[in-house]
Amino acid sequence: MDSAAIDRFEAGRGRLASLAYRLLGSAADAEDAVQDAFLRWQAADRERVEVPEAWLTKVVTNLCLDRLRSAQVRHERAAGAWLPEPLLEGDPMLGPADTFEQRESVSLAVLILMERLSPVERAAYVLREAFSYPHAEIAGILDITESASQQHVHRARRRVAAERRGGEVDPASARRIVEEFLAAAVSGRTERLVAMLTADATAVSDGAGLARRLLRYRTPERIASYVRAGFKPTPAKRRLAGGAVAMHIAPLNGSPAVLAVVDDRVVGAVAFDVGDGKVASVCGIAAAGRLGRLNEAWRRRVPDAPVLDAW
Numbered sequence: 039m040d041s042a043a044i045d046r047f048e049a050g051r052g053r054l055a056s057l058a059y060r061l062l063g064s065a066a067d068a069e070d071a072v073q074d075a076f077l078r079w080q081a082a083d084r085e086r087v088e089v090p091e092a093w094l095t096k097v098v099t100n101l102c103l104d105r106l107r108s109a110q111v112r113h114e115r116a117a118g119a120w121l122p123e124p125l126l127e128g129d130p131m132l133g134p135a136d137t138f139e140q141r142e143s144v145s146l147a148v149l150i151l152m153e154r155l156s157p158v159e160r161a162a163y164v165l166r167e168a169f170s171y172p173h174a175e176i177a178g179i180l181d182i183t184e185s186a187s188q189q190h191v192h193r194a195r196r197r198v199a200a201e202r203r204g205g206e207v208d209p210a211s212a213r214r215i216v217e218e219f220l221a222a223a224v225s226g227r228t229e230r231l232v233a234m235l236t237a238d239a240t241a242v243s244d245g246a247g248l249a250r251r252l253l254r255y256r257t258p259e260r261i262a263s264y265v266r267a268g269f270k271p272t273p274a275k276r277r278l279a280g281g282a283v284a285m286h287i288a289p290l291n292g293s294p295a296v297l298a299v300v301d302d303r304v305v306g307a308v309a310f311d312v313g314d315g316k317v318a319s320v321c322g323i324a325a326a327g328r329l330g331r332l333n334e335a336w337r338r339r340v341p342d343a344p345v346l347d348a349w
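Under my numbering, the first residue of the sequence shown carries the number 39, and numbering increases by one thereafter.
Note that these hints are calculated values from the structure, not bench results.
There could be a bad hint or two in this list.
[Unchecked claim] Using 16 Å as the maximum straight-line C-alpha spacing, the simulated EDC-like pairs for lysine to aspartate or glutamate come out as follows:
hint, residue 1, residue 2
1, LYS316, GLU206
2, LYS316, GLU218
3, LYS270, ASP347
Take the sequences, apply the hints, and build the full model.
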């Protein structure tokens, strides 16, 4: 393959990876899909490809759909132990992020909600909300009619909106709320935690990476108890983490999160969705397999001072 063809693919790699991540919720799987698309680009009769960007978008989208439909993935996700892989602010896989819809489509809360969509609904939603494709082009990518594209997007928007808890909040304000929430959790102030949660708040956790199924909490009281217990320091938790833990606050997928760090290694992350001045959802992730790319990015970053350095 000539260098011009390679350059053309590489120029769009970031966009393709961002698309694949939104569809799959896994950075590793997204990279695999993009690499498979590169192999197909190599083998293609490129002189017959009129619009390379459109061709590659269709290839990546359909590779992701094949994976979402595969028996293995359906079994893994139906088992109730799936969570998206969190990405640190600045990760190119999070782009584009110019509009609220683009930022929302990559939030952990929405990635979790998109699990309830069919693969085609998910693809249509992502192509429309995150990449602003017109329905005519979405129809061509997914081999459906334009009317079907409109119906899939409408249905997906409605289902996501029905379960969405947070909203767009100024990042500085969201961080202040999370800092106050963390302080209340560490001090064991259950009543304050309950007061800082929306009435319909939800929480999900992988149980420090040890649970076979996700742990879910659906009332402010239960969420407050879970958060208070999770952030209470104990010798057993320090042993499990592998040493003394420092707590940092950093954005993951556009939302503020508390990162538990031992030396330069992230051993756990709790991401928060904030809306109307309160915490609307909590997502706790500690399984090492979900933190690989986050750790790579964290080691390259000069972090802010920890909000707690003696946990």
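Verification of the hints:
{"no.": "1", "hint": "LYS316 <-> GLU206", "result": "holds, 12 Å"}
{"no.": "2", "hint": "LYS316 <-> GLU218", "result": "holds, 10 Å"}
{"no.": "3", "hint": "LYS270 <-> ASP347", "result": "holds, 14 Å"}
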